[in-house]
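Asker: As a plain string of letters, each chain reads:
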Amino acid sequence: MAVPAIFKALQASPVGKTITESPWMFPTIETVHVLAIATVIGAIAVVDLRLIGVASKDRPASALTREFLPWTWGAFAVAVTSGALMFTSRAADYMAIPAFTAKFAIMALAGLNMAVFHLTAERNIGAWDLGRPAIGARAAGVISLVLWSAVVICGRKVGFSL
Amino acid sequence: MNAFLDAVGNTPLSLFLQKNVDWLIPLIQSVHILALSVVFVSAAVVDLRILGVVGRRQPLRATSRRFLPWVGWGVAILLVTGLLLMTAEPHRALLNPLFQIKMAALILVCLMTWAIAASAKAGDTAWEGIERRGAAKPLAIASLLLWAAIIALGRWIAYGP
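Each protein sequence line maps, in turn, to chains A and B.
The first sequence runs contiguously to residue 162 in our numbering.
The second sequence runs contiguously to residue 1161 in our numbering.
There could be a bad hint or two in this list.
Simulated restraints on C-beta separations [stated by the list, open to error]:
(1) A:P27 <-> B:V1021: 13 to 23 angstroms
(2) B:I1077 <-> A:A105: 36 to 46 angstroms
(3) B:V1080 <-> A:P27: 34 to 44 angstroms
(4) B:L1108 <-> A:K17: 20 to 30 angstroms
(5) A:L130 <-> B:K1019: 44 to 54 angstroms
(6) B:A1149 <-> A:K17: 21 to 31 angstroms
(7) B:I1077 <-> A:M114: 19 to 29 angstroms
(8) B:F1004 <-> A:L119: 55 to 65 angstroms
(9) A:K57 <-> B:M1001: 19 to 29 angstroms
(10) B:I1077 <-> A:L109: 38 to 48 angstroms
(11) A:A12 <-> B:W1114: 23 to 33 angstroms
(12) A:G74 <-> B:G1052: 16 to 26 angstroms
(13) A:A84 <-> B:L1051: 29 to 39 angstroms
If you want the footprint, here are the derived chain A segments under chain B, 3+ residues with CB under 8 angstroms [to be verified]:
(14) 38 to 48
(15) 108 to 119
Which chain A residues stay away from chain B? Per the calculated CB distances, all over 12 angstroms, these [to be verified]:
(16) H33
(17) A63
(18) A134
(19) V152
Bear in mind the hints are in silico, worked out from the structure with no lab data behind them.
Where a beta carbon is used, it is the ideal one built from N, C-alpha and C, also for glycine.
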């Protein structure tokens, strides 16, 4: 697959070259990325397991979501920033890796799953906030866990494809 | 030590992992990352509860009963996947000083988590009372930093000598 020139330019940019040529920058950014995704995945899992009805059943789903969502988004912002920096250093190379593009397609699906949940089962959260979660909520939780696990697998596979 | 590592590297399991390095190793590493995510966030929730940053309306005993078992099970999965990864590349990990520091930090943080769990289970009011929480806070901060350091060291093993 031909890689558009913009990614080659990104890779050759001062930021890209600085990261590539430094012996410590890439591993440091990577470490920040791992800590950020660990927080994202762990926090999402807490909410998903509540939506499925497996854990934290003694707490309202709405309260748990309110408590964990800011941490999830904060860590996600760090993951995106560190990911963008790693991408800049090898932009053209990354774009040629199927696991890399698959990772973003799966993240888009995870976002869609979240949007569907907000527009459907969550609208009616009062009815299942403390009891057995609605079928839509349980489905959203399972789909989210599966998709985010796939995101991690693709991300790790990317590291083996460079 | 080297003879032992060579022997590990020649076991059928190690050879099988080496032969399927393209997909099996990333898969095992992914399970390792998913497990460390669960461990990190579960431990962090309890630590941040001790620090009074989150979940102040919940008693510490409830928070620790909800989250600490996941730390235990998560660490078990980490040990299994970690052992498999070491079996695939015995020379890379065991002789690496970063790996040795990581294991020392892991033992330390597990002991600390066990102390927090035992204390919370016993309903020790030391963890709930504001005036005595001063003793618990350094433990919570140390636990948070140690878990982050363990994850960081794990990543740096790949770049080690």
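Asker: With 23 to 33 angstroms as the target window, see if A12 of chain A and W1114 of chain B comply at their CB atoms.
Answerer: Violated, at about 52 angstroms.
Asker: Does the Cβ distance between V1080 of chain B and P27 of chain A fall inside 34 to 44 angstroms?
Answerer: Roughly 26 angstroms apart at Cβ, these two residues miss the hinted range, so it is violated.
Asker: Per the stated criterion, does the least C-beta distance between A63 of chain A and chain B lie above 12 angstroms, as a non-interface residue requires?
Answerer: 9 angstroms, violated
Asker: The output says V152 of chain A does not contact chain B. Does that hold with a beta carbon cutoff of 12 angstroms?
Answerer: 5 angstroms, violated
Asker: Determine whether the Cβ-Cβ distance between A1149 of chain B and K17 of chain A falls within the hinted range of 21 to 31 angstroms.
Answerer: 30 angstroms, holds
Asker: If I claimed the Cβ atoms of I1077 of chain B and A105 of chain A lie 36 to 46 angstroms apart, would that claim hold in this structure?
Answerer: Violated: the Cβ-Cβ distance is about 28 angstroms, outside 36 to 46 angstroms.
Asker: Is it true that G74 of chain A and G1052 of chain B lie within 16 to 26 angstroms of each other by Cβ?
Answerer: 19 angstroms, holds
Asker: Between A84 of chain A and L1051 of chain B, does the C-beta distance stay in 29 to 39 angstroms?
Answerer: 31 angstroms, holds
Asker: Taking 8 angstroms as the Cβ threshold, is the statement that the segment 38 to 48 of chain A is covered by chain B upheld or broken by the three-residue rule?
Answerer: holds (count 8)
Asker: Does H33 of chain A sit more than 12 angstroms from chain B, CB to CB?
Answerer: Violated, since 9 angstroms does not exceed 12 angstroms.
Asker: Beyond 12 angstroms from every Cβ of chain B: is that where the Cβ of A134 of chain A lies?
Answerer: 22 angstroms, holds
Asker: Within 55 to 65 angstroms: is that where the Cβ-Cβ distance between F1004 of chain B and L119 of chain A falls?
Answerer: Hint holds: Cβ distance 58 angstroms, inside 55 to 65 angstroms.
Checked against the numbered hints given earlier, this structure breaks hints 2, 3, 4, 9, 10, 11, 15, 16, 17, 19; the rest are met.
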